[in-house]
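Engineer: Listed here are the chains, written in short residue letters.
Number of protein chains: 2
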Amino acid sequence: MYKNEARQPHLRQQQQQHPSSDFSLKTTKQAAMSPKYKIYFCGSIRAGRGDADLYGRITEMLGKYGTILTPFVANKATTAMGNSEGEAKTDKEIYDRDVRLLKECDAVVAEVTQPSLGVGYEIGRANAMGKKILCLYRPQPDKLLSAMIRGAEVEGKFLTRDYKEEDLPDLFDHFFNKVVCKVERRNSLNWQSYEPM
Amino acid sequence: MYKNEARQPHLRQQQQQHPSSDFSLKTTKQAAMSPKYKIYFCGSIRAGRGDADLYGRITEMLGKYGTILTPFVANKATTAMGNSEGEAKTDKEIYDRDVRLLKECDAVVAEVTQPSLGVGYEIGRANAMGKKILCLYRPQPDKLLSAMIRGAEVEGKFLTRDYKEEDLPDLFDHFFNKVVCKVERRNSLNWQSYEPM
Chain G
1 MYKNEARQPH
11 LRQQQQQHPS
21 SDFSLKTTKQ
31 AAMSPKYKIY
41 FCGSIRAGRG
51 DADLYGRITE
61 MLGKYGTILT
71 PFVANKATTA
81 MGNSEGEAKT
91 DKEIYDRDVR
101 LLKECDAVVA
111 EVTQPSLGVG
121 YEIGRANAMG
131 KKILCLYRPQ
141 PDKLLSAMIR
151 GAEVEGKFLT
161 RDYKEEDLPD
171 LFDHFFNKVV
181 CKVERRNSLN
191 WQSYEPM
Chain P
1 MYKNEARQPH
11 LRQQQQQHPS
21 SDFSLKTTKQ
31 AAMSPKYKIY
41 FCGSIRAGRG
51 DADLYGRITE
61 MLGKYGTILT
71 PFVANKATTA
81 MGNSEGEAKT
91 DKEIYDRDVR
101 LLKECDAVVA
111 EVTQPSLGVG
121 YEIGRANAMG
131 KKILCLYRPQ
141 PDKLLSAMIR
151 GAEVEGKFLT
161 RDYKEEDLPD
171 LFDHFFNKVV
181 CKVERRNSLN
191 WQSYEPM
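Line by line, the protein sequences give chains G and P.
Numbering follows this note's numbering, in which position 129 of the first sequence is assigned residue number 129; successive positions increment by one, without gaps.
Numbering follows this note's numbering, in which position 100 of the second sequence is assigned residue number 100; successive positions increment by one, without gaps.
Isolated chain G, as found in the complex (with noise of 0.2 Å):
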């Protein structure tokens, strides 16, 4: 456990915050193997949800490596008509919101097959804010995906990947244990200096 923690130094808060023994020795073995991110899905809303079944079964993927900030996207009930985005009621809350998880998060992944005006947005964004980027594309004969996504390529930084659905877990492990655990651990960031670019 101590070696763990002189690997992982963010596991101490942890148990910090669990006094209690035994879930704090749960809570370390389980971070231990799995260090839980702070993850910004995006997917398409208002610009079509015939891919959020398939949301559904990423964001489920993805609880293997952390929390989701953004269920809202997965969830069925959410509509493109913008019924049930989460607790936000107003398109300002709703922007708020997501430029405040955009912040806060540690990696975004984005299902980039559908175009989305909301989704190129977040992109654009968390790229300026240096933030660790995944999108996937499951590629199709008569379309191509936008430039300024498959363009913005950076080794280690920002990452476009085509996809068939059972290419996600090895794309995931890769993502999580090769990129995002590079990301400085945010404790040392100072935030109230740090300027998007």
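These aren't lab readings, by the way, just hints derived from the structure by calculation.
Treat the hints with caution; some may be incorrect.
[To be verified] Quick list of in silico lysine-lysine cross-link-like pairs, DSS-like style, CA-CA up to 25 Å:
#	chain 1	residue 1	chain 2	residue 2
1	P	Lys157	G	Lys89
2	G	Lys38	G	Lys157
3	P	Lys157	G	Lys103
4	G	Lys143	P	Lys143
[Claimed, not checked] Quick list of simulated restraints, FRET-style, between CB atoms:
#	chain 1	residue 1	chain 2	residue 2	range
5	P	Asp167	G	Thr90	23 to 33 Å
6	P	Glu166	G	Pro169	47 to 57 Å
7	G	Lys36	P	Cys181	42 to 52 Å
8	P	Gly130	G	Lys164	19 to 29 Å
[Stated by the list, open to error] Some residues of chain G that are not near chain P, with every Cβ distance over 10 Å (derived):
#	residue
9	Glu104
10	Asp142
11	Ile149
12	Glu166
Heads up, the beta-carbon is just placed ideally off N, CA and C, and yes, glycines get one too.
Given the coordinates of chain G, work out where chain P should sit on it, guided by the hints.
Structural biologist: Using the frame of chain G, we list chain P on its own:
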């Protein structure tokens, strides 16, 4: 004329470039009436070209206020399958050019009726850069504009307007004469290193 020069010091440079006094006088009058902003126009390319003709009419109207940095968006030869997106050939070249132009522009005008990842990305990056942004949306009965666009409204900085085509002249007059005109003039730009597309 001297009075105009004092208010708009960039006019002097234009006169020096055109030593013919008649020509310089004409140029001065035109410039005094319509400051030449660098305008980044956003519209859907790979998400669909259904509005390409409209983009052409919009960019023609915008010519009154300055130079369109992204003429390929309104070019009818530009297709959703990636033909003729300007000089850039690869997705990375397109991306790098467009981010460079975003940084250079004085204002962003985006037609956002057709959901598009690229348009969303550009608006997100432009907003993070502090650019003045006007988003134009044609309301439709069974659709809603993304909350990440509608909810981003900030007075004097980020405007989203529902519109019909006949509203555009007034919307553009307001945007450029009341909002963009407050941008600090980019006198410091090095025009020798500036590369038009």
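Engineer: If any of the earlier hints don't hold here, list their numbers in rising order.
Structural biologist: 8, 10, 11
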